[in-house]
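> Place chain L on chain X using the hints.
Protein chains in written order, with my numbering: chain X, 34 to 769; chain L, -2 to 374.
Think of the hints as simulated: they come from the structure by calculation, not from any bench.
No farther apart than 27 Å at their CA atoms in a straight line, the calculated lysine-lysine pairs in the DSSO-like style are these:
1) X:Lys155 with X:Lys166
2) X:Lys709 with L:Lys84
3) X:Lys487 with L:Lys258
Cβ-Cβ distance ranges computed for the label pairs, FRET-style:
4) L:Ser181 with X:Ala436: 42 to 52 Å
5) X:Asp494 with L:Lys369: 29 to 39 Å
6) L:Lys369 with X:Arg483: 33 to 43 Å
7) X:Ala524 with L:Asp324: 33 to 43 Å
8) X:Lys396 with L:Asp324: 29 to 39 Å
9) X:Glu552 with L:Asp324: 11 to 21 Å
Every residue gets a Cβ at the ideal spot worked out from N, C-alpha and C, and that includes glycine.
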Amino acid sequence: MDEKENPYDMDSSSFDSDRYLEKLLKDCSLKQIMDTEAAVVKDTQTLHSDMQTLVYENYNKFISATDTIRKMKDDFKQMETDVNLLMNKMQSITTFSEQITGTLQGTRSQLCRLSEKHSLLKRLQFLSTLPAKLKALIEEQNYAQAVQDYLHAQKVFAQYGRQPSFDGIQRDCDAIMAELKERLRQDFQRAGNTAQSLTEIGELLLQLDEKTSDLASEMLRCAGKRLHEQIAMLQDQTERDMLEFVDMGIEGFLNDLALVVTSYFDMFVAKHYEHERDDFQENALHELNIFLNQNIDSYLTLVQDRVESDIGFGDTQVMLRALDRLHRRLQAMRNICRGLQVQRNTLDIIIAAAHQLCDAHGKSLRDHFADSLSAVRLSLVSSKSDVATGVNLNDLISNLYVAMVEKIKGVLQDLLIFLRTDWSFNIKAEHKGALCVEGIREQLLIGFLRHIAKTMCGFADASGSSPPNLLLVLSKTCLELEQQGVHVLIALVDDLYEIDSENSATLTHETEICAEMRETAQALLDAYVRLQGTNISQMLRKSVETRDWLNCLEPRSVRAVMKRVVEELGSIEAVVASLYETSSNPGFRTTASSDSSRKTYFSNFNAAKPQYRSNWSNYTPSQLESSYVSNIHRLFSERVDIFTSVEFSKTSIVMGIIKIGLKTLLECVRLRTFSKFGLQQIQVDAHYLQMNLWRFVSDENLVNFLLDEILGSAVHRCLESVLMEPNAVEIICERG
Amino acid sequence: MEENSLIYGLELQARALTPQYGESNDVCFFIATNSLKPTNQLHLLQYDEEQGTIQSKIFEHALGEVWKLNSCPHDARLLASVYNVQKGAQVLSQAALLTLPEDDPNASDNEPLKSEYIPWAKVEVLDTASLGDRVKTIEFHPSQEQTIACVAGNKLAIMQRAESATRVVAEASSNSSGAKSVSSFTSGKWSHHHQGHQFVVLHDSSVRAYDVRDSQHCAWSIDDAHGQLVRDLDCNPNKQCHLVTGGDDGCLKVWDCRMVKAPVFERSDHSHWLWSVRFNTFHDQLILSSSSDCKVLLTCAGSVSSEAVPSDVSEASAQERHKVLSDGLLQTFDQHEDSVYCAEWSNVDPWIFASLSYDGRVIISKVPKQYKYQIIF
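Just chain L, with the same shape it has in the complex:
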């Protein structure tokens, strides 16, 4: 385990981590700090597996403390951050699109940049004033390059960058009267299927999917998916209609959105809130979850994965089946000493993932070999 993981430390608290989706050769992650002090940074980490080292490029994030990062799957240089700014006695959440500088001149200019922050090629603050002061996340559309979704307050908006048009698609209905008690959306994600027309948002303890072509059209919803707030979700990239959620009740649940009555898979191995849940992009029986109990767990949900063996398969595959990993907790990673708010698979290497704890510690780990072999063979 020890030689399996690599630690990178930040000096400040951090809560944002995302893989560089546009990059397809190297294992790269973005991380950003979350501090009230004006020295917030954004690091691009590149993991070199052969040498077992991490190379980092440091950018300044002068806009404010970063709460959420997302990278664009179409452009390796583009990423979106959600940050807080202070305005008088108010703290506002805003979002910006950041563009990394071109790589080419880097080779020669490496020396002078060492002490300095690398400058951004472009910083574009999104106009979210109409959506309220609580931006939660900016989500790039998986296939349409110009489309981004913005979850802010109790609104879900779709933005077309080219036209600089913003369209509110859905608004959380206030269950009770009184402006204060209107609970806002927690987070959201594009569904990988349905021709990219569906966006899934988290609202308190429920999960809802909206069709972005038709405002207020709720495609399906799972009410009371968790006992308490649902913190995070992830859609199974390889299996339609399957998504995983994690909530404050410490449970991890896999749902089939066609059967919203009960989850198809459920574990409660964490002892506190789940902050992030992720399907492995390549082998979706592997689910990574991080929690404020300072642990990152690797769970196997083979029975509901796209690689699941259908129950009516004949004898021939019965031999194979016992090699398949059994459902349940595979491995606990407990090198973190503070709450782990993010854990992300690498988009390049299916066996590598990074996790980030509040104290600024990034750990890049690998799936233990024995599980790897069991899945491959």
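Okay, chain X solo, but in the shape it has when bound:
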């Protein structure tokens, strides 16, 4: 099969009988050869007979074809005679036709003349009936047709005007047309015209050769009047919603305006008038520009007023849809005519609306904040007796915080409507708009956060008027805002409005606000500590001032006020602990000694902490005489800063309160003079405090230092400084 020509294939043209035979003889057995031979013989015979049959059939066909050709030859002969006959007849027709044409020639020219005359007569008739017709048309108020006809006739008059018979007609027509003109002019000036008819009349007057410049200014004046009416009408539509309002404006006012402008443009600006000055078109365009801007201005002012009065009350989306529609329409108007500029932009209105809405939202946020603050305050005051205030406080904080953050988020989402991508306008594209968007961030969010900080700070300043727990709640809220809220909100606004605050020089950075919040939280916490401290102070001061320390009995018990102070501190700690982490690592507690040895602190403390000025009870009274000792002692001991800023932790807060209280006690003690027993009472009290205060604080040494100062001062102020036996003190304190 690969070879094209197989020499062993008998049907192939390249059959080689010798090679075939050779191959046969070589390859096959005798029997096979004999079979092959028989097959070949048989094939040969079959082929031969086939050939004979084919030759016979072809012969028959040839014979029948010969017959047919002979028959055709006969038919053509007959046809030839028919064609000759036809030729003769056609020749006779031609001659006849020529005869007829010759006969009719004269009549045809006559007909032509007649028809010409007819049309001339018709025209004459039109002219003679023209005055009547014009009158009729004017009567029917079909001014357009009348003018059409008149102009038509005008041409004829121009042609034949010199003939006296036409003169009369022309005069009549002119009179009628003058009247028409007058009437048209009146119509033109009438106030009630729509812009459409105004345009039509204008066109007619132009055709009647009115002075173009007069007409132009007249047209603007009339259109202006008409548009003004529409604006006045729109002004009254206060009960309709914004969308309807804008639709009405678009359909009535803007469409009319567009019509006037386009027709004016077509009539006066686009066409060239021979008889006007060269700069007429330029002037007309200028006039038109002024006219257009004036009207758009007054309309947009109306819209703006409307927006200003509506924003914040109605559905912002509806309003924006309306403004969007207006924007599109104005955009379209802008493309009406070349050479016209509409200065004022709807975008300004939208931006102004956004600003206004921002302000409105800002105000509502502030109101809401003030409301929730007073709610918090109320619930704090009302639940004063509640034991479980701790839980309460946490709830209050989270309520206040969550409500605030959610409200802000809501507002931010709400304002996002201005940036929807399916509006035809893009606020951010313009500089003013971008500023506005930044304004949302700066004025609304940052402004509000600042407002929060400021308001809360106000609570810290108003000394004594706010309940202490309120300060604590507000402080914690500020702290939460600082740690979370500010970041979340600013990230949200940056994300929503795609503001790149990180790289902006003008925008407020997050850290600024955080710092402000933290300051506020700190101020509030300080105020809380101060307030609670003064409360404790008040108790201690009154107790020291009212007692006669010179004439008191030997101490038998701890004074009740000390117990009350400890109780008070306990409840303060409970409240503070509910807000600030209780898991203050015990490892950080700098204990002077273990619990068991604490009770015997007074008896052996000279070995415990010599660097902390707590050695006074070691001195004999004679040593105490010399104040040098204490002064020298001060020199070598490290200065203990009593009044430092409070940290946001439970122990620091409570410590701050304790410090103020103890300092007060110290001051009060210094103002009095003590007898022996008075001093011993102070000793007992101090020991009691020392036993009870350690659990509130992280740095016990500071408490001990202050208590030492108190006792030291009492020793100084004592007429007979004899301290009690430490064991006795202990027993009294244990007894409670």
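Here is chain L on its own, set in the frame of chain X:
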């Protein structure tokens, strides 16, 4: 700051400090100790600015521990002290007028006096028995040399020294029944204005002004001026009706006594009780306050001072205005290590003041230069 201040130490506790008002050339302060031991002293300190030294003259105050000192503006040698004496099981507060010796022989007798206390020229114990046993302060009248006011217990009395006459002008009304709860006046001061007829006293948390010509006539009062006890006050010497108060709530407030509803200026920079507040006599926007938080603060209250720029002044002074110090805390002086009970401006040099802490440390400091220049120019 360091080179700006000078320290003088006492051996005993001290709570009384006053400038020598009668002296007009040198910067002088009196201080006195407050100790139960019988060795109380009174020191006259003279500050020499050129050499940066303090010279002291020491007097003995044998009457008892001194709680309050006031010097007479008319006589440099006269001063009044309030002190405690023990009488059995009672401690009484009394007052005395002390007169310094003449200066002239001092020059020659300097040597022998060195180890000794300088003797007083005259010691006059005031008769305050009728006023009770709790004398708080003796205040010299700013213009009438012979008139002194005495605040004692719940009474305010005016004494005429020449006539040795005592007249009780006002008595604190006891708000509640029971003798114990009658709270006494804390302190008091003459008003610089009103022709010297007004005396302002402090009573618990309120401030009251009495007209001394008419007993029990309360000219005006500020109730609840502070959240707690009002410790000290000072009248603005240059601006009528303005006074400053300091209280246990740690607040410093400037009041206009014609508008007693709210203070016109308020700060709360101290973290504990305010023990003294003083207007600078020359530049009354500077207010000095001392507190038991061991700090002395210099505060500027320019907006309510007599040098305040009226709000309707034209452009020309607008340029000046931004040079004016802004209100608020100017400087903290924290060299004291104990409660500072007194801080006083010098009556001679407007830029110098002294402060005294309980541990007996007197510090004479100056207003930092930058503020000084800002005020002068």
